[in-house]
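Residue numbers (the working numbering), protein chains in the order written: chain A, 1 to 240; chain B, 1 to 240; chain C, 1 to 240; chain D, 1 to 240.
One should not assume that every hint holds.
To be verified - Here are some chain D residues the structure puts well away from chain B; computed CB gaps all over 10 Å:
hint, residue
1, 21
2, 76
3, 85
What the hints assert, rightly or not - Output of the computed footprint for chain C on chain A, the stretches with three or more beta carbons under 8 Å from beta carbons of chain C:
hint, region
4, 42-53
5, 133-142
To be verified - Pairwise CB distance ranges, derived in the manner of DEER restraints:
hint, chain 1, residue 1, chain 2, residue 2, range
6, A, 52, B, 149, 55 to 65 Å
7, D, 237, C, 128, 38 to 48 Å
8, D, 230, B, 149, 42 to 52 Å
9, B, 3, D, 53, 52 to 62 Å
10, A, 77, C, 27, 35 to 45 Å
11, D, 230, C, 128, 27 to 37 Å
12, B, 176, C, 228, 33 to 43 Å
Since the hints were made in silico from the structure, they are not lab data. Virtual Cβ for every residue (Gly too), placed ideally from N, Cα, C.
4 protein chains.
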Amino acid sequence: MEQRVRVCIWNEFVDERVNDVVRAVYPDGIHAAIARGLAAYPGLEVSVATLDEPEQGLSEERLAATDVLVWWGHRAHDAVSDETVARVQRQVWSGMGFIGLHSTHYAKVFRALMGTSCTLSWRVDGGCERVWVVAPSHPIAAGLGDGFVIPHEEMYGEAFDVPEPDELVFISWFPGGEVFRSGCCWQRGNGRVFYFRPGHETFPTYHQPEVIRVIANAAHWAAPGATRTVPGNRHRPAAG
Amino acid sequence: MEQRVRVCIWNEFVDERVNDVVRAVYPDGIHAAIARGLAAYPGLEVSVATLDEPEQGLSEERLAATDVLVWWGHRAHDAVSDETVARVQRQVWSGMGFIGLHSTHYAKVFRALMGTSCTLSWRVDGGCERVWVVAPSHPIAAGLGDGFVIPHEEMYGEAFDVPEPDELVFISWFPGGEVFRSGCCWQRGNGRVFYFRPGHETFPTYHQPEVIRVIANAAHWAAPGATRTVPGNRHRPAAG
Amino acid sequence: MEQRVRVCIWNEFVDERVNDVVRAVYPDGIHAAIARGLAAYPGLEVSVATLDEPEQGLSEERLAATDVLVWWGHRAHDAVSDETVARVQRQVWSGMGFIGLHSTHYAKVFRALMGTSCTLSWRVDGGCERVWVVAPSHPIAAGLGDGFVIPHEEMYGEAFDVPEPDELVFISWFPGGEVFRSGCCWQRGNGRVFYFRPGHETFPTYHQPEVIRVIANAAHWAAPGATRTVPGNRHRPAAG
Amino acid sequence: MEQRVRVCIWNEFVDERVNDVVRAVYPDGIHAAIARGLAAYPGLEVSVATLDEPEQGLSEERLAATDVLVWWGHRAHDAVSDETVARVQRQVWSGMGFIGLHSTHYAKVFRALMGTSCTLSWRVDGGCERVWVVAPSHPIAAGLGDGFVIPHEEMYGEAFDVPEPDELVFISWFPGGEVFRSGCCWQRGNGRVFYFRPGHETFPTYHQPEVIRVIANAAHWAAPGATRTVPGNRHRPAAG
Chain A
1 MEQRVRVCIW NEFVDERVND VVRAVYPDGI HAAIARGLAA YPGLEVSVAT LDEPEQGLSE
61 ERLAATDVLV WWGHRAHDAV SDETVARVQR QVWSGMGFIG LHSTHYAKVF RALMGTSCTL
121 SWRVDGGCER VWVVAPSHPI AAGLGDGFVI PHEEMYGEAF DVPEPDELVF ISWFPGGEVF
181 RSGCCWQRGN GRVFYFRPGH ETFPTYHQPE VIRVIANAAH WAAPGATRTV PGNRHRPAAG
Chain B
1 MEQRVRVCIW NEFVDERVND VVRAVYPDGI HAAIARGLAA YPGLEVSVAT LDEPEQGLSE
61 ERLAATDVLV WWGHRAHDAV SDETVARVQR QVWSGMGFIG LHSTHYAKVF RALMGTSCTL
121 SWRVDGGCER VWVVAPSHPI AAGLGDGFVI PHEEMYGEAF DVPEPDELVF ISWFPGGEVF
181 RSGCCWQRGN GRVFYFRPGH ETFPTYHQPE VIRVIANAAH WAAPGATRTV PGNRHRPAAG
Chain C
1 MEQRVRVCIW NEFVDERVND VVRAVYPDGI HAAIARGLAA YPGLEVSVAT LDEPEQGLSE
61 ERLAATDVLV WWGHRAHDAV SDETVARVQR QVWSGMGFIG LHSTHYAKVF RALMGTSCTL
121 SWRVDGGCER VWVVAPSHPI AAGLGDGFVI PHEEMYGEAF DVPEPDELVF ISWFPGGEVF
181 RSGCCWQRGN GRVFYFRPGH ETFPTYHQPE VIRVIANAAH WAAPGATRTV PGNRHRPAAG
Chain D
1 MEQRVRVCIW NEFVDERVND VVRAVYPDGI HAAIARGLAA YPGLEVSVAT LDEPEQGLSE
61 ERLAATDVLV WWGHRAHDAV SDETVARVQR QVWSGMGFIG LHSTHYAKVF RALMGTSCTL
121 SWRVDGGCER VWVVAPSHPI AAGLGDGFVI PHEEMYGEAF DVPEPDELVF ISWFPGGEVF
181 RSGCCWQRGN GRVFYFRPGH ETFPTYHQPE VIRVIANAAH WAAPGATRTV PGNRHRPAAG
């Protein structure tokens, strides 16, 4: 496929600066690790943005030049302004894809797109995560066979309070006894939204090829079509 | 069915006070007309609330005592505070049903529940609206046969920018050539949401028995189950 | 709820007759065990039927007097005639509920209702099954909290080749590392279909109260509304 | 997009031979008209097949070399053998796309894929059909704006007894007062299914560029991914 997708990886970039364990795993930030991974995929044109940049890294210009926004947030959800949330949501409505990773389940922008609480249960225990493919022909599952194993991860458990996904791609198994819908697709306006569970900051999840492959697949899946239009109320004159 | 459902009809109650045409149709308010209609349904316990009451008519106590909230808003969408929106949304997540009528498509609380722009096309022309049943066995369509005709209505046309409904119950036909998904169901958290298109303030739509029947059916459908719990993030200890 | 639901439990009733292990667990058949369990639920009127009866236990009269058909099949799928399948499918289209249990995933009638292969992966290992609730407010999950554990079961693993469920109620976890969408809802015509995974014939699954509760909840959920009509093509004259 | 899709247009090819009116509109068959239209789309490699060919035009070899099967059937539904239906369905499960046109709603293979009766209401009156886009960013709606008008068509009306579409792309309006879900998407196994309503044999619908464009768009949308595998039950050994 010759389609070229402009991916912007946004990271709040806080844990990596305040927590030695996280910095050891992602010395230049989670966004940089994902960007390096995606560089192997020729159809993607990758850039990065962080919370500490002007306009929180997400100006109108920046967003307009982005086909798919990848988001990683955790402890700084509240620092993201309502204006930033509104700008991002509006771009999704106009067709920009949005990929929310891991603790982004509780980011303002993801919750605004879902309309639900997006809550779940969790436990940091460092056991493995088995990611099972439940939709084998879905483009996001391409090349992943039955699924893959992440050696060490935080546990997320059901019930995950999101709208029933339009398409469920992955379900995760955890050794402590829990399950989680870990790859979920929704349409919002003209834009496509994908949530992908793995990626706790203290584990090298984003150094794992299968995880990067999922993000690359999702970027192609979420890329907008030819037009990029914000829906609006419009008066429709009589046919006359 | 013996289930008893506490329905609260909320109306911004502005058009009826400032517009003579509307007052002529609904002299004591749209909410009062709907309440009168629903009084014929013994399983429903009906109350009303309006924007000008304390806490905009929607205090925590009020909402906690409501099984299903019916909402009519139009020109005062912006007057509804973010706090009110948050209170209502949280109650929906906990299990309260929500029925949005007509121009409520653009109410803050409905848009917050959907996550999309909720925009559409429209024309006030007073032609008829034919409401077709597309899900004959759905409880909201009970007793309505193939559908019914509203003699005079405002036109709403596609594309209606909402998430794909979990269940589509009605599609409307307009003589000017338009169609509209006029009865749509979604789950949000533990609560059920129904959008029903008819009800322009200058037409006697809410005096029509079939329209009231839809609202009564929807109230039973949207009523919460036994528990009423707000979902929350929760730490899950190891099985031990 | 005062609604009274006529439930017919159909069982091929073969394993219990040819296999000593199965007979030890279900001496008078799986259908009898389920019927005994459901007897504790006053809203249900329970009967049983088996493959060796005239018309395979499923005559037109029998089906017309059934609100919800529960089905357990395994080694005799091929013995069910195409006529029987057609009769049952037609009744589902007219509004009869259908609950498919365990190996019924591969029954002719279930596959005819789904339109897919309904294949999966499996292993008889007798480990536990943890059944997680992923839709806490769904009526089929009522009274089950976060879920429950079945001490010994056969494993079923993804990918389960069914259409994306309209509502996903349960996901199961197995100690060998697998997950499975174990409680799935679909609408087919005027009828509701529920698939529930547990119930291998060599384990006492249908003696467990939580399992029976799921079936009882599902029977109420799947019960038809007021009308029972087979959809048909119909010429529609001009309004004239 | 460089993807090259092998499209096979299957037509029962009966009306054109027995009915002068139809022959006048489609002298060499509906399949030939569609094939001519699709020839303008460079990404598609188009062939045709008809009921009177060996193995009803749909041998295993033929199907294995087909990415997307377009189907037009009407009066000869019963002439299609169960073996042919099973071959086609199995290929859909393995990933082949299927596009059902117009009266194909009642073809055996379409009904087998849906699991419902697929019935509807109808009237041949030759009025116009307005096809509205309700999912503007869906790839099948690309290039069609708000929709388009077909000058003369047969009317199909709701209720259309199909499973709730995974994605609803078009709704049609008819001057006699009816509406119809005229563009519907479903996933079945690894294959994608699209139903498109227009195309009565006595009207020149398949000579209209917008109609051909929908079929071309749908062919790209329904094309399978890299693998083409029939799902099967499989024993899964313990991890060991």
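- Range hint 42 to 52 Å (beta carbons of residue 230 of chain D and residue 149 of chain B) holds or violated: 49 Å, holds
- Task: Report holds or violated for chain C covering the region 133-142 of chain A, Cβ cut-off 8 Å, minimum 3 residues.
- Result: With 4 residues closer than 8 Å to chain C, the region 133-142 of chain A meets the three-residue bar; holds.
- Message: Is the coverage entry for the region 42-53 of chain A by chain C consistent with the three-residue Cβ rule at 8 Å?
- Response: With 0 residues in contact (Cβ-Cβ under 8 Å with chain C), the coverage given for the region 42-53 of chain A is violated.
- Message: If I claimed the Cβ atoms of residue 230 of chain D and residue 128 of chain C lie 27 to 37 Å apart, would that claim hold in this structure?
- Response: Because 32 Å falls inside the window, the suggested range holds.
- Message: Taking 55 to 65 Å as the stated bounds, is the beta-carbon spacing between residue 52 of chain A and residue 149 of chain B within them?
- Response: For residue 52 of chain A and residue 149 of chain B the Cβ distance comes to about 59 Å; the hint holds.
- Task: Go ahead and decide if the range 52 to 62 Å is satisfied by the Cβ distance of residue 3 of chain B to residue 53 of chain D.
- Result: Once the Cβ atoms are compared, 59 Å apart, the range 52 to 62 Å for residue 53 of chain D and residue 3 of chain B holds.
- Message: Between the beta carbons of residue 77 of chain A and residue 27 of chain C, is the distance compatible with 35 to 45 Å?
- Response: For residue 27 of chain C against residue 77 of chain A, whose Cβ atoms are near 58 Å apart, the range 35 to 45 Å is violated.
- Status of the stated non-contact between residue 85 of chain D and chain B (beta carbon gap over 10 Å): 27 Å, holds
- Status of the given 33 to 43 Å range, CB of residue 228 of chain C versus CB of residue 176 of chain B: Holds, at about 38 Å.
- Query: Regarding residue 237 of chain D and residue 128 of chain C, is the given constraint of 38 to 48 Å on their beta-carbon distance met?
  - Reply: 19 Å, violated
- Query: Any Cβ of chain B at or closer than 10 Å to residue 21 of chain D, or is the non-interface label fine?
  - Reply: 28 Å, holds
- Message: Verify this label for me: residue 76 of chain D is non-interface relative to chain B, using a Cβ-Cβ cutoff of 10 Å.
- Response: Nearest chain B Cβ is 29 Å from residue 76 of chain D, so the label holds.
This entry does not satisfy hints 4, 7, 10, going by the numbered hints stated previously.
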